[in-house]
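Colleague: Throw the hints in and build the complete structure from the sequences for me.
2 protein chains.
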Amino acid sequence: MDYSHVSCAHVTQTQNHRADPLTVLVSIGTHATLQTHLHLEREAAAEAIGKSSSKLQIASFIGAAEEVIMRNKQVILRDTVSGFPKESDMLVITGSTELKLPEGSSSGAVLVKNLYLSCDPYMRGRMAKRHPGDSYVNSFNPGSPLTGYGVAKVLESGDPKFKQGDFVWGITGWEEYSVITATEALFKIHNTDVPLSYYTGILGMPGITAYAGFYEVCSPKKGETVYVSAASGAVGQLVGQFAKLLGCYVVGSAGSKEKVDLLKNKFGFDEAFNYKEEPNLVAALKRYFPEGIDIYFENVGGKMLDAVLLNMRIHGRIAVCGMISQYNLEQPEGVHNLTSVISKQLRMEGFVAPSYYHLYGKFLEMVVPAINEGKITYVEDVVEGLESAPAALVGLFAGRNVGKQVVVVSRE
Amino acid sequence: MDYSHVSCAHVTQTQNHRADPLTVLVSIGTHATLQTHLHLEREAAAEAIGKSSSKLQIASFIGAAEEVIMRNKQVILRDTVSGFPKESDMLVITGSTELKLPEGSSSGAVLVKNLYLSCDPYMRGRMAKRHPGDSYVNSFNPGSPLTGYGVAKVLESGDPKFKQGDFVWGITGWEEYSVITATEALFKIHNTDVPLSYYTGILGMPGITAYAGFYEVCSPKKGETVYVSAASGAVGQLVGQFAKLLGCYVVGSAGSKEKVDLLKNKFGFDEAFNYKEEPNLVAALKRYFPEGIDIYFENVGGKMLDAVLLNMRIHGRIAVCGMISQYNLEQPEGVHNLTSVISKQLRMEGFVAPSYYHLYGKFLEMVVPAINEGKITYVEDVVEGLESAPAALVGLFAGRNVGKQVVVVSRE
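Same order as they appear, the protein sequences are chains D and U.
Be aware that the first sequence starts at 191, since it is given in my numbering, and climbs by one per residue.
Be aware that the second sequence starts at 191, since it is given in my numbering, and climbs by one per residue.
Rather than coming from a laboratory, the hints here were simulated on the basis of the structure.
These numbers were taken from a predicted model, which means no experiment stands behind them.
Watch out, some of these pointers could steer you wrong.
If chains are identical, the list can't say which one is meant, so a pair holds when it fits in one copy or spans any two.
Stated by the list, open to error - The calculated DSS-like cross-link candidates involving lysine-lysine, where the alpha carbons are at most 30 Å apart (straight line), are:
id: 1; residue 1: Lys319; residue 2: Lys493
id: 2; residue 1: Lys319; residue 2: Lys476
id: 3; residue 1: Lys447; residue 2: Lys476
id: 4; residue 1: Lys343; residue 2: Lys434
Modeller: Okay, structure coming up:
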């Protein structure tokens, strides 16, 4: 994927400016691997931002009088992260952007106003230093805004698939305005009778993840036993509901009483438990699955996977969606019970949503009516403003979110 | 599977009798879970065995004069094993057996003379104490002969699928004569223009394992890169040759210079290396697979699997056939790099041959001509006599065998 469309504000000031992001100085310059769309001179930028306020809509006019320069708050990754990410690994700055498609990038690109941003566990991997080819997505570029899934409104389009005023979801920047050149990763939103934020979750990447992961990867059959870890999260809550709709026996685990209550009372899981209160995960799973687990939807990894392997049934399937317990460890935990894969003839399959985007239309046909008929429900954990985004993202890895973690950049 | 057909000699004497297996006393009795076919009285048995010699064909006549009682050497498991198995975990005794199908078991059963026995890594799991449902095969019963794959000649048949004089391969006992009631696990041998011992290997369970594991589980395509560990073993040598026939690039690893030479010079692998001489397995694999591995045929587990996971390509497949490095550890090693399963969208699938026996005919149609035309070759490591069987089986786990480990019980 090409993330070079993301405008770059190279931060030169240090931490003492973080208290008020509006006072952070923005220097002009092109990050080694990125194009900049900032046309400010250093002094002009300092002046403009010095005068800016959170109400300021038009920051300044620089150069030709017809160029509209808008304030553009951005969430910047300071440097690659190892260990547990902290809020201070990110910086909320206020740069500015020219409110038009830049010359040369207009063909095929779109200029969008970002509305909702999605906090997803896979983003942890992108904060780390990785080598090309290690994964299907590249690392974030330190000094540049994060990128990720979001819902946005098209302000200007150089791509015939989109027109001004369209709502879209897909990969955008963690900022107020983005120029998106990789429009093949954007989906036009047709159904607007559901909350737009749902396109960061149930109707977006997590939704297609749950759908493809369960129906395609797990090969589920009616009556089978299904275990979902991190079950109240963006994906888990849907997998459990899909499995119930198919007629499976479904148990979920989560990390608080509140989440366990959600699983049982809102999402209709047959059983749920708080893994933090279980001294012995193997025994806990044996209690809920005396005959063993046919399908494990894996979001956690580590000790949980080890306990599951001992409780799988012959010919069981493990859809490996995520391993959130491992992402922040310097050295991942060892998984010791993999010989069960042979003796029980298990299939473990890792997958990512983009490999299943061809199913998106079919997925919508199933899930939109199910939402409207109340057969499927969805819980979001919404925070307001880009300033709240770093804490929201970091909170994912501490399990602070209850349901899908969404950041509101703007509601319109 | 039902192993209750295996005749039971319950050993009551202790280790001081082991020096000469012919002097071990055999007591009469029925093991809690097994039927015995021994009709000897304790005293008569002691007397018969006291008089026996290795040349003795007919040990004694007991009871009705028409009953022919044959010497029946057996390899008995003393007790369940933890850690590395030792020769002394097994005992070679000389019991005797009535040379006819026992009353009541004649319908559907066959009496066979065992010719060749197969030493297979999966047998290690059966030496351990396991619970029903832990695996697709049960543990061995301490005090009873081991069971496993072998080639045998039918002496008497109560199953219309087999007749006297037929050669068969399948699950039999580690003894000279066996009554097999689970005849659904027996295959009649039609092609006898290849060595009969091949039906413990290339034309038996290891052959169908390699065939199903490679063609069915790995979903291979011409031009893909294939890595095989334990590559000179019964299964690995075939997988490498199948992959070469399909037009793949194939690298194998083994544990000695002799085996590495075999891989390159006899089996035609593109490259091979001695894993014991590699200080860094990740770097070694990177050297042989600069663009990554599409298919890993897993026979080893542990550190090898960890190194492979870091070298897999996106959408790679890992056929998990065995993990021989783990079978003798009190606590299996941890595998740390499983998050690669997600980021690289890998499929890991454990499998066992019996799930693919429906392909046996198709497999023979492919492999027998290939053997006869010299397109596929096979190397066996043959030891003579049941007395050599415990050392041969234990040797598997130290990598002492070069090629398929076979025990000759009798050549006709």
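Colleague: How would you classify lysine 319 and lysine 476 at a CA-CA limit of 30 Å: within, between, both, or neither?
Modeller: For lysine 319 and lysine 476, the Cα distance is within 30 Å only across copies (19 Å; inside one copy 39 Å).
Colleague: Within a copy, between copies, both or neither: which one fits lysine 447 and lysine 476 at a CA-CA cutoff of 30 Å?
Modeller: Classified as within: same-chain Cα gap 21 Å, cross-chain 47 Å, threshold 30 Å.
Colleague: With 30 Å as the alpha-carbon cut-off, assign the pair lysine 319 and lysine 493 to within, between, both or neither.
Modeller: Classified as both: same-chain Cα gap 25 Å, cross-chain 23 Å, threshold 30 Å.
Colleague: Please work out whether the CA atoms of lysine 343 and lysine 434 approach to 30 Å or closer within one copy, between two copies, in both situations, or in neither?
Modeller: Neither way: lysine 343 and lysine 434 sit 35 Å apart in one copy and 54 Å across, limit 30 Å.
Hint compliance for this structure: hint 4 is the single one not met.
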